[in-house]
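Number of protein chains: 2
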Amino acid sequence: MLPLLPAIYVAWADGELSAGEMRSLCAHVEAIEGIDVECREALGSWLDADSPPRPGELSELLAAIRGLATGLDHPERMDLATLAAELVHTGRPGMPLRAPEARAIAELEAVLGIIGPEATVALLDLRRESTPPPRTPAFDPLVLGAYLDGSRAGVRNSVRRLLSQPRFGYPVDVARDDYRELVLVWTRELAERGIGSIGYPFEYGGEDSMGGFIAAFTVLAHHDLSLLTKFGVQFGLFGGSLARLGTKRHHDAYLKAAGSGDLLGCFAMTETDHGSNVRDLETLAVYTSATDEFVITTPHDGARKDYIGNAAAHGRAAVVFARLVVANVDHGVHALFVPLRDTDGEELPGIRIEDCGPKIGLEGVDNGRIWFDGVRVPRAALLDRFASVDEDGEYSSGIPSADRRFFTTIGSLVGGRVSVGAASISVAKSALAIAVRYATRRRQFGPAGEPETLILDYAAHQRRLMPRLAATFAYHFAFERLIDDYVAGTVDQRALEAQAAGLKAYGSWHAIDTVQACREACGGAGYLAENRFGALRADADVFTTYEGDNTVLAQLVSKSLLSDYKLQFADMNLLGTIRFLAGKTLAGLREVAPALGGADEEHLRDRRWHLELFKWRSEHQVAALAARTKKRLDSGMDSAGAFVAVQDHVLACARAHVESLVLERFAAAIELNPDPDSQRALNLLCDLFVLTRIEHDRGWFLEHGRISAAASKAIRKLAIEISAEVRHDARGLVDAFLIPDAVLAAPIGR
Amino acid sequence: MLPLLPAIYVAWADGELSAGEMRSLCAHVEAIEGIDVECREALGSWLDADSPPRPGELSELLAAIRGLATGLDHPERMDLATLAAELVHTGRPGMPLRAPEARAIAELEAVLGIIGPEATVALLDLRRESTPPPRTPAFDPLVLGAYLDGSRAGVRNSVRRLLSQPRFGYPVDVARDDYRELVLVWTRELAERGIGSIGYPFEYGGEDSMGGFIAAFTVLAHHDLSLLTKFGVQFGLFGGSLARLGTKRHHDAYLKAAGSGDLLGCFAMTETDHGSNVRDLETLAVYTSATDEFVITTPHDGARKDYIGNAAAHGRAAVVFARLVVANVDHGVHALFVPLRDTDGEELPGIRIEDCGPKIGLEGVDNGRIWFDGVRVPRAALLDRFASVDEDGEYSSGIPSADRRFFTTIGSLVGGRVSVGAASISVAKSALAIAVRYATRRRQFGPAGEPETLILDYAAHQRRLMPRLAATFAYHFAFERLIDDYVAGTVDQRALEAQAAGLKAYGSWHAIDTVQACREACGGAGYLAENRFGALRADADVFTTYEGDNTVLAQLVSKSLLSDYKLQFADMNLLGTIRFLAGKTLAGLREVAPALGGADEEHLRDRRWHLELFKWRSEHQVAALAARTKKRLDSGMDSAGAFVAVQDHVLACARAHVESLVLERFAAAIELNPDPDSQRALNLLCDLFVLTRIEHDRGWFLEHGRISAAASKAIRKLAIEISAEVRHDARGLVDAFLIPDAVLAAPIGR
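The listed protein sequences derive, respectively, from chains A and B.
Per the working numbering, the first sequence starts with residue 1, numbered consecutively.
Per the working numbering, the second sequence starts with residue 1, numbered consecutively.
Take the hints with a grain of salt, since some may be wrong.
For chains that are exact copies, the list does not tell them apart, and a pair is met inside one copy or across any two.
Straight-line alpha carbon distances no greater than 27 Å define the calculated DSS-like cross-link-like pairs of lysine-lysine that follow [unchecked claim]: (1) Lys615 - Lys717; (2) Lys248 - Lys631; (3) Lys559 - Lys631; (4) Lys630 - Lys717; (5) Lys559 - Lys615; (6) Lys615 - Lys630; (7) Lys713 - Lys615; (8) Lys256 - Lys631; (9) Lys559 - Lys717; (10) Lys615 - Lys631; (11) Lys630 - Lys559; (12) Lys615 - Lys248; (13) Lys717 - Lys631; (14) Lys256 - Lys717.
Because the hints were derived from the structure by calculation, they are not lab data.
Hey, can you work out the whole structure from these sequences and the hints?
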């Protein structure tokens, strides 16, 4: 019976064996030839599912086996059958294991699902050779961090230092009103240190640096997001719209006070009934020549201003967007400077303000609703950069149509979208820094006889976190470039707006998806408020909505691409354009499609192929979208209807374009990196980013014959392998985000 | 010039035209043959991008056009060229539009991207025929609702009525301590009404109905989720583990008091260092024969009990999981009844409890940490259904090995997973009810001259909500069947555990994804706390973690499938099994693969094909996973290592299995529905569920040659079309969830 003992023990010790399996096992053992009756009965009693051995008997059996195994050479290399043979040898020197017994053991192993020396290791409580420790990253996180900061390192570092001061520590369990006051105190300190006005002209206390302002914003986005939002409302939206929509008299009167925090203000655009479609806002600003004033009125409850930051408590004035009516002509939406509260904080006559009440997050921001009941402001209150009313009550504008004026107005505020989009990537960085660091310390499960496995060593964990880390770097560089372009002002305005819309939409979706994945990756510890995922998640949630609903923004991207298309064929006649859109473009694209190539790693990691493939997908999607739209227009739909009918393609098209843009910018930034060590790490991330995105859209690539089924499988395999490789860099990569510990603040993220 | 006026107006009114485009337009106009010099100059000045017309001029131009167009027959059917011709005709009767002008107008339309009568409608401010109103659902929501409730309608309705009472109204801005007290008051009321003890035996005040208990739980899940969790901890985990792990003496002593809420208790399993891997818990319960007691000790800080509900404030006792050590032998994890606090709420000697502090959500639950320092409990405190220690200090158990005992213990608590999984589907229902109702009232954008479009009429909105609605119905029926099976006890225990694990994991992921999509679909209004997405999202977030981390649970599913596999080949020898796993199974599956079929709608909506396809994918994934695992085992990896290496496939395999299971149960429930009207609606949902899932995994189906590229595209198209069809049922479908208004409580969700 001796050689069967280990298998018998393992059979009972296995927690997953059912009674049926035990019976099957029993039948196997009983079928062994050449065992004497006594032995067979003993075996039968050991394996009787209805009368299992007592725990004590099992412990004794284990002790006996371990006793017999003492002194064996390298038992950790033996499978159960070998161990059995060795035990027989030890017990009866010179006696080989009999064939039927050997076969029975092999069969038992098959039933038990045991292969190799594993069961032996567990049985004898042996320590396996431990797995090699993770490699340290072959790059200097500080060098990479400096490259991420780029030319804006100075302002970033100074904001990092400031936010690391104890007075910027996060409150615990604070009541909403106290939280709002704290956020106000913080906001004032940022103002005092000149951070709020970095983007304003020198003559108004600023540094004339929008790049610096947005860079400061990206660092603030690692801190409390209510502060970020309040900061953005006060200095970006309120002060920024004064700067960009107003003229010198408004700048002289308000800009310095806005930047210093002495004049707190709101950006009163959104109305309850009009959030996305702000062109159709309903608040009225009617010019009255009798008093040379505008009279501002909320015509009905649905036209109240809603979700307005700084309104419920602190704002003393607002930039109010309203339909400007002069001599009974509605000139569309314009912005006016409107005082809301007196110096005591009391609402001025005609102004009614309500608190929006509790929100999902951003509870440190005092969002409110505003109604106007015949509020009078002087003619000079009109922010008149794009349109004005003269002393004779004559309306004039350099932009002839109301729609066009509106889009110009909105376009001049694109910095808000750039800022919020870039901030969302900071949020993703915070979440990843916490989750990656936790995963390099937290252990759970693992092979017997070893310390439990680090959770970052699990393939599933790597798959969850590493591609999101890669995408975060990709978006980082895409936003840095967007900021550069925005500041330089050299890019076509419409193209810049489309890029800002697309990057903000997909960047903020990426961010909230990443926070969620990171929270789950930290389990119960991730659910504690102190570890910050709750705040990151709840506060950043609305990034997908404010500064433009993401779904609406994605449509703007595609519309802009279609408009480019329209331009491209402007000198063909109408019928020619139809024919072209319906077939030739797609056919042409097929001709210039990137090589199908193989499923080999060299091809799959070829950056040129990546770039071509993404570009081709984007162009193909636009052409196909144009063709689909055209088909519907031809069948009699209006363009709005046609656009709704193809909306799914509109969104796919926008995503393809944004991913192509992001890849292009990521690849370009890697090329420019002077440090070969971090360049290698970034190239690995870029491979992972591309391959994960192809994998995600592999249905499309397969449908369109751009990758083979074999390549598709190879891409998944490679993405898994690269995730495992990036795992070794992960800690260094998140360190390169340079988030101060005091700002990240999560106990598990240190 | 007359015929060109409309196009000129549109060119300037179009908000999206750039200066470059204006110049291109200008060049077009100037190229028109046969225009006299004066006219050409006038035109040039109208289209000069550097000197645009004044707003007043543009308004006058518009007024002029509208004046000329008065009296035209059906101008809403004219494109710009036709309108121009008609204007010429009106101005100069009998004069046809000249060919060069007609061509110029056509070219202008091409540049402007205008096709059809749309521009004319906008230009003349005409009202188009309005789109037909949405159809009312062709089924009775109450009939469908009753079918969803099934045999458990009674208990569900009574809980609905109870929760609709004003005293169950949600608090606003409540401090955490007050919130906890309120939740306790609610919990006690549920106890008093016998809802907590429904699952307990009659002799202890219950109704011996686990089905009723879980049904009540699914309705509670529409209410405050802190209450749900407290309820689950008290009656399900604490009381349930006393019922299932204890014996008569424990039942007699505690069960009635647990059910009545007189004895509040905790389920103290998780430790800081061991959340998922609870088999390796470290709390010790050492038997001391001298006093016939167990001494319970927390050996180090990482072994403290963590995240324990009811611990921080209200629990007077706990079922504590600890390693049972008798006579120096560690028998693995066992459960003991341990008093925590005296009747004054003071911690008993040796017990230390800390509050876990603020959490992401569930702030009405008092989660805490517990340390034990030599806490003595009598021998009878051991919940001894599966193991006991007799008066001689002898340990005995009907289950011989520690691992197996542990899995049996855990397995007996599977009801918790069933409950939390089913509750997560209720959360998805709440979110969908709010978002769908809002989307049937909220309007934004739309064609000129009409009321703005209902947001549910946008394809993107339908694509966002309708497939999630379909999946919610699918999971609903899958869980109802799981509850039936759990209650009946006729399904093999291991299979039931695997189903519960899989449905809980993918069901709760579905739920939080759905809440997020619904929040975004409601924009800023969705971000207000009163509309409940914040609470739903933050509270339900941890459903992906508690009762088993979803990623770990998904692995359990696949492990269970592999174990079945192992059994299936138990009577082949080892080499045979290897060969089989390595190739034959996959080849065999290829032979029995469902027909590739066409891309036609009839085929794509064939339920039998759906079922076969999903089953085949699931079986293929298991076979492939087995083969992959085997390959790694053969190359010398141990099973834990091999399983980690193939973890990505492990998760894919689990998902395929769960989706197949869900589809099967959904289809079966539809078959049994006696009401043909709602059956039709459900069949539509089922089509949408299947097609969306295929679309999501179309990469895999394409790689494996199970659908053609043409079918893949057709599936996406059909999924979009069916989403548009389901849109008409949407309101009725969410009404069928029978969530009382008072419980849903979102102002936008009425």
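Hint check results:
Within a single copy, lysine 615 and lysine 717 get their C-alpha atoms as close as 24 Å, and across copies as close as 24 Å, so both meet the 27 Å cut-off. With identical chains, the CA atoms of lysine 248 and lysine 631 are never at most 27 Å apart, being 50 Å at best within one copy and 75 Å at best between copies. Taking the closest pair of Cα atoms, lysine 559 and lysine 631 come within 27 Å of each other only inside a single copy of the chain (16 Å); across copies the shortest separation is 50 Å, beyond that limit. In this assembly of identical chains, the alpha carbons of lysine 630 and lysine 717 lie at most 27 Å apart only when taken from different copies (17 Å versus 40 Å within one copy).
Only within a single protomer do lysine 559 and lysine 615 lie at most 27 Å apart by alpha-carbon distance; the minimum there is 18 Å, versus 42 Å between protomers. Only within a single protomer do lysine 615 and lysine 630 lie at most 27 Å apart by alpha-carbon distance; the minimum there is 23 Å, versus 40 Å between protomers. For a Cα distance limit of 27 Å, the shortest separation of lysine 713 from lysine 615 qualifies both inside one copy, at 22 Å, and across copies, at 21 Å. Taking the shortest alpha-carbon separations for lysine 256 and lysine 631, neither the intra-copy value of 54 Å nor the inter-copy value of 70 Å comes in at or below 27 Å.
Proximity of lysine 559 and lysine 717 under a CA criterion of 27 Å is satisfied inter-copy only: 21 Å between copies versus 36 Å inside one chain copy. Taking identical chains as interchangeable, the C-alpha atoms of lysine 615 and lysine 631 lie at most 27 Å apart only when both belong to the same chain, with a minimum of 24 Å there against 38 Å between chains. Taking the closest pair of Cα atoms, lysine 630 and lysine 559 come within 27 Å of each other only inside a single copy of the chain (13 Å); across copies the shortest separation is 51 Å, beyond that limit. Taking the closest pair of Cα atoms, lysine 615 and lysine 248 never come within 27 Å of each other, the shortest separation being 44 Å inside a single copy and 71 Å across copies.
When the C-alpha separation of lysine 717 and lysine 631 is checked against a cutoff of 27 Å, the pair qualifies only between copies, where the shortest distance is 15 Å, while the shortest distance within a copy is 40 Å. For the homomeric pair lysine 256 and lysine 717, neither the shortest alpha-carbon distance inside one copy (57 Å) nor that between copies (56 Å) is at most 27 Å.
In this structure, the hints that do not hold are numbers 2, 8, 12, 14, in rising order.
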